[in-house]
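Starting from the known structure of chain A, arrange chain B on it as the hints suggest.
If you read the sequences in order, they're chains A and B. Using the working numbering, you'd call the opening residue of the first sequence number 1 and step up by one each time. Using the working numbering, you'd call the opening residue of the second sequence number 1 and step up by one each time.
Rather than coming from a laboratory, the hints here were simulated on the basis of the structure.
Just the calculated beta-carbon pair ranges, DEER-fashion:
1) A:Ala143 / B:Ala48: 35 to 45 Å
2) A:Arg81 / B:Leu886: 18 to 28 Å
3) B:Ala501 / A:Arg195: 34 to 44 Å
4) B:Ile819 / A:Gly65: 23 to 33 Å
Built from N, CA and C at the ideal position, the CB exists for glycine as well.
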Amino acid sequence: MAIETPPATIALSAHALTKHFGSRRVLDGLDLEVARGEIVAVIGESGAGKSTLLNLLAGLETSDGGAIAIEGVDLAHLDERARSLARRRLIGFVFQAFHLLPYFDVAGNVELPLRLLGWPLEDRRARVPAMLEAVGLADRALARTHQLSGGELQRVALARALAHRPALVLADEPTGNLDARTAREVLDLLLREIRANHATGLIVTHSHQAAMLCDRVVRIIDGRAFNAS
Amino acid sequence: MQAESSSVMRGVRIPDFHRRSAPLGFSALLLEAVRDLAAYRGARLRLALAVAVLALGVGLGLAIHLINEVALGEFTGAIRTLAGQADLSVRGPQSGFAESVFAQIVLHPGVAAASPIVEGERPERASRVLVRFLGIDPLRAQFVEPALISGRMPQGRASKSADERADERAEARLGLRTDRLFAGVRLLERLHRSIGDRIELLDVRGEPVGFVIAGTLDPAVSALADRAVIDIAAAQYLEGMVGRLSRVDVRVRPGTDEGQLPTQLTRALPAGVTVIAPLEGARSDAQVSRAYRINLSVLALVALFCGSLLIFSAQALQVARRRAHFALLRALGLTEGELLSQQLIQALLLGSLGALLGACLAYGIAALALAHLGADLGSGFFRGVTPSLRWDGTATGLYTLGGILAALAGAALPALEAARVAPARGLKPGALEDAWRPLTQGRSVLISGLALLFAAMGFLLMPPVGGVPVGGYLAIACVLLGSVVLTPRVLVLLLGVLSMALRRRPAPNAVALISVEQLRGAPSGPAVSLAAMVASVSLAVAMMIMVNSFRVSFQSWLEQILPAQAYLGDAGLRLSADEQARIGRLPQVGRVEFLRSDELRLSPDQVPMMLLARDIDPANPRARLPLVEGPMGAGLVASMAAERARRALGEGSLATRAVPLSALPPVWISEAAAALTGLTVGQFIDLPIGGQTHRFRIDGIWRDYARQQGAIVIERAHYQALTGDLSANIAALWLAPAATVDELRAALGWLDGRSRLKDVGSIRAFSLTLFDRTFVVTYALVAVSVLIGLIALAGNLATLVLARRGELSVLRHLGVALIEITRMIALQALLIVLAALIMGVSVGWVIGRILIEVVNRDSFHWSMDLHVPWGAMGALALLLAVLALLTGWLSARAVRSADVIRSVTEDW
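Bound conformation, chain A alone:
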C-alpha cells in the first residue's frame, strides 16, 4: 500500500484524472483539491462526468490516468479490497434516491456502516440514537423504510452517511428527489452535519441555489474542473 504524505490541510486531491467510456472521453485531465472541512459543490451539465468523478473518488471505478488521494490514501495504488476498506472508513455517501436498505429498519440502516467497521455494541448503541436525534428522527428508529416520506428517507440517509464519522461525504444530487421546501431543509441539515462532524463535503447538484450554500463551487466542463465561485 503506497501512502503519500499530503499537505495537512488537504482532504481530497485529484490530479490529471482521465476516464473514457468506449471512445467517449468523460474526464480529461481533471484536477481538484478540497481542503479539510471544506464543502464543495460540483455542478455541470448532464453527462459532464459529475457522477463518474464521485465514483472515481470513492474508488468504485478506476481511472484511465491520474492520481487520487483521500486523506493521504492513494486509491489508485490499492487493490479492490483495500479500496473498499478505505471507502468504508473514510467516505460517507448520500444518493439522490436515498437507497436505504428495505430489509433494515431506520436504526438498522444507520447502524450498518458501524457494523461494517466492527464498532462495539455499546458504541453503536450510543451513536445511532445520537445521529437520529441529530436528523430529527429519534422517534422513527424502528420504522420500516416504506413507512417514511421522501424527506425522512433522505434524513436517514444523511445519518447513515455520517454515522461512522467519515472524513469525506460524497453526495450525488441529494435533493434531486425532493420538493423545494424539503430540499432546502435537507440541504441545510446535510451542510450542518458535515460541519458538525468536521468532515469534508463534495456535493454534486444541478441546483444553483444549493451550490451557493456551499463553501466553493466547481463546474465541470469538457471533462475538466473549473472554479465557478
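Quick look at chain B alone, frame taken from chain A:
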C-alpha cells in the same frame, strides 16, 4: 393490432395503451405477450429450463403410458388370439387337472365345442433356447382356436411318393402329428432353424424328444411369433402331464345362458378348477401390473408438478421484479383483465412449447425404453411380449393438454398478482416486497398450508380404491402442496432464529448479518424459489428413503429366503423321488431341502396364487420364512395393514370368518395373500389341493417380494399326502465340508440340460440387478428432482442478484468489498439450500414413510423396514451445498459490472 405505437423506457417497450378506444383482442394480447416474453431479462434461462422440465414431465408420463398401453394391448391381444373364438376357459393349477374333466365339459349341453390345451416351456437341446409351446388337439382346436392351426406348410416336392403326399394332405388337414412342430417366425429366428429341420426338446426328465419343424404359424398373428404348437400328447409327455390338461377352451352353444353356464360347469368340476372368460383372465393378469404402472405414472406426474412449480417460480419472481412495469402498463390504460390475459397467454405459449416438446420426447423415450428395457420397463411383467410403438392420438392430446394446464396452473397466481398491481402503489419504491408479503405473513396462506397437512392425515386413513392407493397419493400431494405453501413461513422462522443467534453474539460478522437480514427482510422472493427446491429435495429424499428401505429389506429378504449355498431348478423342473434321493446321497451335499411349487386359483376373478410345498419346521417357521406376523405376536404395522385390507375388501369377506381349530394343519401366507384374501393369523383358509378342498390354519404371514399375486407355504409332507405328488421343482443345497459349488455342479452333471446349479451369491446378485432395473425410472426421477432443485437455486440467485443489484451497489458504496459481496451471495445460497434441506428432508421423510407404509402396501401388498440412506443423503446435501456456493459465486460475478455501481442513480 390496436396498440400501434409505443415508447421506450429503460430499454423496455411500453405500448401506448392510452391511445386506444376499444379492448385489446386476442391477437393483440398474443403479440404483447410474445413481446413481453422477449423482454424477460435474466429469466430466459430459467424459463427455458422450466419449459424443459415441463417437457420432461409430459415426456415421461406419456412415454410410460405409451409403453404400458402397447404392452397391455399386445398382452391382451395375445390372450385374445390364443383363446380364439372361445367364450369360456376352464383353468386349474399349474400342475393341471385330470383329462376326465374334459369329458365332463364337452358333454355339457351348453357347450358347442371344447378344445383341450397343455401349455409348457422346455429347452431346446442344442441351443438351450427355451421353447414355449401349446399342445393342442387340432381336430378340436379348429373349431375354437383356428389361429393355432393356420400357417404355412412345406412346399411339395415332385419326387414325393403318393403316400408321402397323402400324409402331407392329412397333416395339412389335421395339422399335426406327435413328432411335428409348427413354430412362430421369431422362434425360428431364435433357434436359427428353418422348416424341415429337426430339433430336440428336453422333457421334464431331461430326456430329448425329437420334432421336425413342419411349418410356421401364421406370421400375421404376432401373439404366436414366439411360440410353437405341437400335438397335445407330445406336450403332455414333455411336461410330465400325461393324463392331465392345463386348460380347456369352450365355445358356448347358441341360445345357452352364458351367465349361468360357468356356475353350472364349476359345480361339476374338481376343487381348484374354475371357469373364466378368457379376456377377464387377461384383465386380472394385467391387474397385477397395474400398481406398477400407476406408480410410474405418478412419478411422471411428479416431474410435471416440478415443471409447474418452476413456471410458478419464474413467473412469480418476474412479476415481483417487474411490478413497476406492470403498474406503469396499468397506469397507461391496460385493464386488469387484459394484463391477466397477457400473462396467461405467456403461460399458454410456454406450456404449449413444453408440452409439444414433451410429446415428441415421449415417443423417443418410449422407443428407447422398448428397445433397451423392454415392454415391462424392467419390472418383469409382460414377459415375452415384444410390441412395437404405435401413435396414440388421444393419449398424446391428453398429456399435451396436461402439460399446458400445468403451465397455466403454475402461472395463474403470479398472473393474478400482476393484474392486481395498483398503479400508484406499484410504482413506489419498496413495492417489490409488498407483492409477495401475503406468502410470508398472510393468515390464509398459513391456514391453507395447515389444512392441507391435516387433509393428508385424513387421506392416510382411506382404504385403497380398486387396489389403487388413492388415499396415499392424495396424502402425498397434500403434504407436498402444504409444505410448499408453508415454505415461506418456515423460511422466515428459520431466518428469525438465525438472526437472533447472530445478534446475540458480541461482535457478529457484518457480512453474515447482512446476508441473513437481507433474506429475512425480504424473504418472499427467495421463498418463492425455495418452494421449488423444497418440493424437489423432498421428492428426491422420499424416493431415496423408499428405494433404500426397499433395497435393504429386499437384500435381507433374499438372505432369509435363500439360506442354502446353492440352488437347483425352477418351476419347469420335475425332480422325481429317486432323483431327489440321488441328490441327497451325493458326497458333496451336506444337507438338501426340496420345494414343490404349483398355482392355486382361489376364485375365478383372481390371479392364481403360488402354492409352495417345502420342508419347513412348523415349530420354527422363522428359520425358513421372513415372518412379519406369526405365533410370536403380530406386528403393529402388519395388523394395521390387515385392517386396511379388511376395510378395502368390505365386511362379510373371508376375513370375518370365525377363528377356529388348533388341530388344523398349518400354512403360512404371504403379505400379498393376506391382503388379497383379508385373512390373518389365527384364521383358517380353504385351499383346493389335489382336486379337493382342504382346510388349513394360518400360522403366520411372511414377507414375499417375489410373488405379487400372493403365495402360500405348506409343509411338503402334507402336500405329498394330499396329492401323492412326490416330485420337486427346486432343491436348496448346503455343501458338505470342503466341497465346492463347482464340484457339486460337476456331480450333478447327469441333470445337465434340465437345470443348472447356481450358487446363492450369483442368484442374489442377479436379483439385485433386476431390482435396480425395476427402479431405473425412479433413479432417473431422483436425478431429475435434484436437477430441478439446482435449477431453482441457480435461477433464484441470478434473479435475486439482478433484482437487488441496487442494494448490492449501495453496499459497495458503503465499503463492502467485492469478495465480501461474493461471500454474502454464496452464504445466502448456502442458507437457502440449508433451509431447503431442512424442510426437504423433513417433508421427504414423511412422504417416504407414506410411500413405504401406505402406497407400497396398498399397491403391492408388501412391507419393508425403514432404512434411511444417511450416506447418500449426506452426499446429496454436500453436493447441493457445494453447488450452492458455486452458483452463488457465479451469480455474484454480475455485481462486478460498472452497471451495478451506477444502478444507485436509478430509483429502485
